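Asks: In the order they appear, the protein sequences are chains W and S.
So the first sequence is numbered by this note's numbering: it starts at 1 and just counts up by one.
So the second sequence is numbered by this note's numbering: it starts at 124 and just counts up by one.
To be clear, the hints were calculated from the coordinates, so they are not data collected in a lab.
Source: prediction; values computed, not measured.
Some clues are possibly wrong.
[As the list claims (entries may be wrong)] Pairwise CB distance ranges (calculated):
hint, chain 1, residue 1, chain 2, residue 2, range
1, S, 255, W, 54, 43 to 49 Å
2, W, 54, S, 287, 53 to 59 Å
3, W, 43, S, 268, 25 to 31 Å
Built from N, CA and C at the ideal position, the CB exists for glycine as well.
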Amino acid sequence: MSAPRRPMNPSGLERYYVLTKGRSGPGGSASSLDVATLIVSRTAPAPGLQHEHEEILRRCRDPLSAAELGAHLGLPFNILAVLLTDLLEAGHVEARDPIPAHNAGRGPDLALLEEVLSGLQRL
Amino acid sequence: MDFKGFDHSGGPGGGGTRSVKVMIAGGFGTGKTTMVRSVSDIKPLTTEETLTQASADVDHLIGVADKTETTVSLDFGKISLNDTLMLYLFGTPGQERFWFLWNGLFKGALGAVVLVDTRRLASSFRAIEEMERQDVPFVVALNVFPDSKDYPVEEIRDALDIPEHIPVVACDARDRASSRDVLVALIRHLKDRSSIALEPR
Chain W
1 MSAPRRPMNP SGLERYYVLT KGRSGPGGSA SSLDVATLIV SRTAPAPGLQ HEHEEILRRC
61 RDPLSAAELG AHLGLPFNIL AVLLTDLLEA GHVEARDPIP AHNAGRGPDL ALLEEVLSGL
121 QRL
Chain S
124 MDFKGFDHSG GPGGGGTRSV KVMIAGGFGT GKTTMVRSVS DIKPLTTEET LTQASADVDH
184 LIGVADKTET TVSLDFGKIS LNDTLMLYLF GTPGQERFWF LWNGLFKGAL GAVVLVDTRR
244 LASSFRAIEE MERQDVPFVV ALNVFPDSKD YPVEEIRDAL DIPEHIPVVA CDARDRASSR
304 DVLVALIRHL KDRSSIALEP R
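All chains should be modelled from the sequences, with the hints used to inform the complete structure.
Replies: Written out as structure tokens, the structure reads:
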């Protein structure tokens with residue numbers, strides 16, 4: 001099911017190296033990227049963008065989680081995070097972190113829990 | 124350039140959409156992926172993290188000493204709670220020892236469901252310990268497999284040493300309504316914890 005394994009396609013590693021220009025992990029703003037962080041495009045895909053960057057902008061016209069984006073693009077999360085950092089730093093996308101149940105300084109978010117509960121009860 | 128569907132004013136097009144996440148934990152083969160699949164609105168997807176760690180040489184699962192790349196997968200699903208709120212469900216990797224490798228896996232989660240196979244109670248012991256250690260609020264869901272003996276909830280609570288304030292519910296992870304009810308139990312538990320926290324001292 002979810003046991004660790006070797007990457008299926010060894011040449012994938014070379015592809016990732018090219019995609020990220022050799023950067024192995026996210027730095028700066030992407031280090032806080034969560035699998036449930038919603039990514040939203042702020043600009044249209046412009047000519048001259050790297051193909052994967054363009055693809056991200058196209059897919060995120062409507063908010064999409066980083067996890068979904070990674071699954072759709074077939075990219076491991078840490079590789080995706082590098083690409084998203086580029087787009088975030090250039091102001092091409094906006095990232096919205098998942099809302100925690102307990103907001104520091106504001107206490108428990110009861111309104112949020114109530115909203116989640118009524119959504120579940122409608123299922 | 125015209126960008127159809129894009130709106131600078133943050134209007135339609137999902138301008139205000141937000142997300143919350145819930146983790147589905149539990150030992151290997153307790154039904155985590157099954158639960159994600161049964162409640163998700165979308166076909167469950169898998170996201171992967173490639174880990175480049177020295178731990179690879181001691182990892183017997185890999186069995187190849189010179190490999191330093193391992194992949195840990197998360198199966199996940201999504202529920203649209205309303206027009207602007209998405210719930211993401213993530214099934215955690217079966218081996219708890221990999222959880223810490225996925226940076227911030229539990230950070231920002233509303234809480235977690237720990238699935239327990241009543242035929243193999245011990246398989247979820249680590250998961251429960253890990254929730255307590257990481258201070259993640261959780262409920263325990265007994266996944267009732269067809270050949271499970273009918274265990275009284277309290278007996279299982281004792282066997283797994285689950286504190287009195289943690290809800291223990293029975294479910295069938297294959298069933299959408301049953302899995303939904305487990306999530307409802309988790310959110311109710313979070314609300315209860317919150318109201319206790321809000322009470323004046």
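Asks: Confirm or reject each hint.
Replies: Tested hints:
1. With their beta carbons about 45 Å apart, residue 255 (chain S) and residue 54 (chain W) fall inside the hinted range of 43 to 49 Å.
2. The hinted window of 53 to 59 Å between residue 54 (chain W) and residue 287 (chain S) holds, with their beta carbons roughly 55 Å apart.
3. Under the hint 25 to 31 Å, the C-beta atoms of residue 43 (chain W) and residue 268 (chain S), about 51 Å apart, miss the expected range.
Checked against the numbered hints listed earlier, the structure breaks hint 3 alone; every other hint is satisfied.
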